[in-house]
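Chains as they are written, first to last, in numbering that gives the first Met the number 0: chain X, 0 to 362; chain G, 0 to 125.
FYI, nobody ran anything at the bench for these hints, they're computed from the structure. Where a beta carbon is used, it is the ideal one built from N, C-alpha and C, also for glycine. Incorrect hints may have been included.
Stated by the list, open to error - The list that follows gives simulated cross-link-like pairs (lysine to any residue, SDA-like), each with its CA atoms no further than 20 Å apart: (1) X:K322 x G:A63; (2) G:K62 x X:V156; (3) G:K62 x X:N37; (4) G:K62 x X:K275.
Said to hold, decoys possible - To spell it out: a stretch of chain G is covered by chain X in this simulated footprint if at least three of its residues, at any positions, have a beta carbon under 8 Å from a beta carbon of chain X; those stretches are: (5) 28–42; (6) 59–73.
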Amino acid sequence: MLKHTPFHDFHVSAGGRMVDFAGWEMPIMYRSIVDEHNHTRNSGSIFDVSHMGRLQISGKDAIPFLQHVFTRDVEKMKPGQCRYGMICNEAGGILDDVIVSRDKKHWLMVVNAGNREKINIHFHNVRKEKDFDFDLADNTESTAMIALQGPKVIERVGGHLEAVQNLKRYEFVSDTFMMLVKYTVSRTGYTGEDGVEVILPAKMAPMAMKALAGRFDRPEATLKPAGLGARDTLRLEAGMPLYGHELSENIDPISAGLSWAVSFDKPFIGSEALKKIAEAGPAQKLVGLELEGRRIARQGTIVKGPHGEGVVTSGTMSPTLQKSIAMAYVPAADAAEGTSISVDLKGELVPAKVVKLPFYKRQ
Amino acid sequence: MSVPTDRKYLKSHEWHKLDGDVVVIGITQFAADELTDVTYVSLPKVGTKLSANSRFGEIESVKATSDLYSGVSGEVVAVNDDLNNNPGTVNTDPFEAGWMIKVKPSNPTELNALLDAEPYKASSGH
Numbered sequence: 000m001l002k003h004t005p006f007h008d009f010h011v012s013a014g015g016r017m018v019d020f021a022g023w024e025m026p027i028m029y030r031s032i033v034d035e036h037n038h039t040r041n042s043g044s045i046f047d048v049s050h051m052g053r054l055q056i057s058g059k060d061a062i063p064f065l066q067h068v069f070t071r072d073v074e075k076m077k078p079g080q081c082r083y084g085m086i087c088n089e090a091g092g093i094l095d096d097v098i099v100s101r102d103k104k105h106w107l108m109v110v111n112a113g114n115r116e117k118i119n120i121h122f123h124n125v126r127k128e129k130d131f132d133f134d135l136a137d138n139t140e141s142t143a144m145i146a147l148q149g150p151k152v153i154e155r156v157g158g159h160l161e162a163v164q165n166l167k168r169y170e171f172v173s174d175t176f177m178m179l180v181k182y183t184v185s186r187t188g189y190t191g192e193d194g195v196e197v198i199l200p201a202k203m204a205p206m207a208m209k210a211l212a213g214r215f216d217r218p219e220a221t222l223k224p225a226g227l228g229a230r231d232t233l234r235l236e237a238g239m240p241l242y243g244h245e246l247s248e249n250i251d252p253i254s255a256g257l258s259w260a261v262s263f264d265k266p267f268i269g270s271e272a273l274k275k276i277a278e279a280g281p282a283q284k285l286v287g288l289e290l291e292g293r294r295i296a297r298q299g300t301i302v303k304g305p306h307g308e309g310v311v312t313s314g315t316m317s318p319t320l321q322k323s324i325a326m327a328y329v330p331a332a333d334a335a336e337g338t339s340i341s342v343d344l345k346g347e348l349v350p351a352k353v354v355k356l357p358f359y360k361r362q
Numbered sequence: 000m001s002v003p004t005d006r007k008y009l010k011s012h013e014w015h016k017l018d019g020d021v022v023v024i025g026i027t028q029f030a031a032d033e034l035t036d037v038t039y040v041s042l043p044k045v046g047t048k049l050s051a052n053s054r055f056g057e058i059e060s061v062k063a064t065s066d067l068y069s070g071v072s073g074e075v076v077a078v079n080d081d082l083n084n085n086p087g088t089v090n091t092d093p094f095e096a097g098w099m100i101k102v103k104p105s106n107p108t109e110l111n112a113l114l115d116a117e118p119y120k121a122s123s124g125h
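Based on the sequences and whatever the hints tell you, model everything.
Structure, rendered in structure tokens:
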């Protein structure tokens, strides 16, 4: 039985094509992936991301615990700040990539839907083993989460919530609306556009959607719903990794190009292994590829560079650039921009070259 | 969803329309909608010999890649080159401008074995 988010009725009434995503019934698209993609780049979109896990951590040892499991230094974070980073295993393999937010009295961690159970178990084990004293509450199903993304979002949402206009990137506010509705708004996202992500009580979600999506069916509507299909093409153009594609327990943050989200100033699970990888240099690196022609290299496609084979992790026909793009792991010696790589599409070798990530950067 | 009654279908969603002495082949609106935005259509060269129910090409969308099948045997006499530059035509007009190949059938009675519109609709659940 698939889980439903609080927006399920909305998706169905808006014509969403529903699919199984990590055990949740989610809209892959409403109108067309390309149309929803372009509307996000040009105006704004509303994404239901309630399937993502929301864990609240509080109590005496919240900080030592987070320092122990998270790749970044949380001690330096101020209330109202968010940080992207990884949860690793001892070998430095990525268990999940997450966003940690520091609130006044607690911490919030947003984890991937497909990793939520695994991370909960991992944290319970760590707590037991290290005898940490903290509370861990999984608020995923009592809350809803929407991402509002696009160049016109801040202006549109700022009309409802003034505090949003002053938020810097990777900052959030949490407040109570009309003395009843507790909400959190962060200036974060997964599309390469400006925008916010909003967490609110599950019960209030349909009402909030009505206020935001309002009459989205008008052609001139500023905000329209967009599904997971567009979310994937948007994040790929923006060069953002997706767990299960670019990231896995067999991949470390250094190879994935995420050294910037790893702090070696403090020990954490995996830090010793990652130090060694960083010092020796990773054997393979994540790169962007631009293919000739219009064919798409999908996950698992083998690529060949001057120094050996690699593998594609994600690929699509970029709606914004109108080019076939992909991300792939290649031998570190082949990761330089401009390197010629051939992509094996069912026996046909298609020429490609290594390009700088992200493929797309907003103006 | 409308399925024209002037042609024959494969369960794999290709339509076949007899036009004079050639059979025009494309995919249905249902299939195009399922694929979502088509990004690339790989078609055979003119002169290629096809056998019935064999693969003649490949269609790619943002979402997936699928094989294309011909329900008749024969020789490819024309391909829709417009799809190279405008693959999206398969989404917007799959039954007319989005046609893919024209085949000179070696055995036109093979068409009779294909599905009519109603059984096709029933088989694909739309």
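Which of the numbered hints above does this structure break?
Numbers 2 and 4 - these are the hints that the structure violates, sorted from lowest upward.
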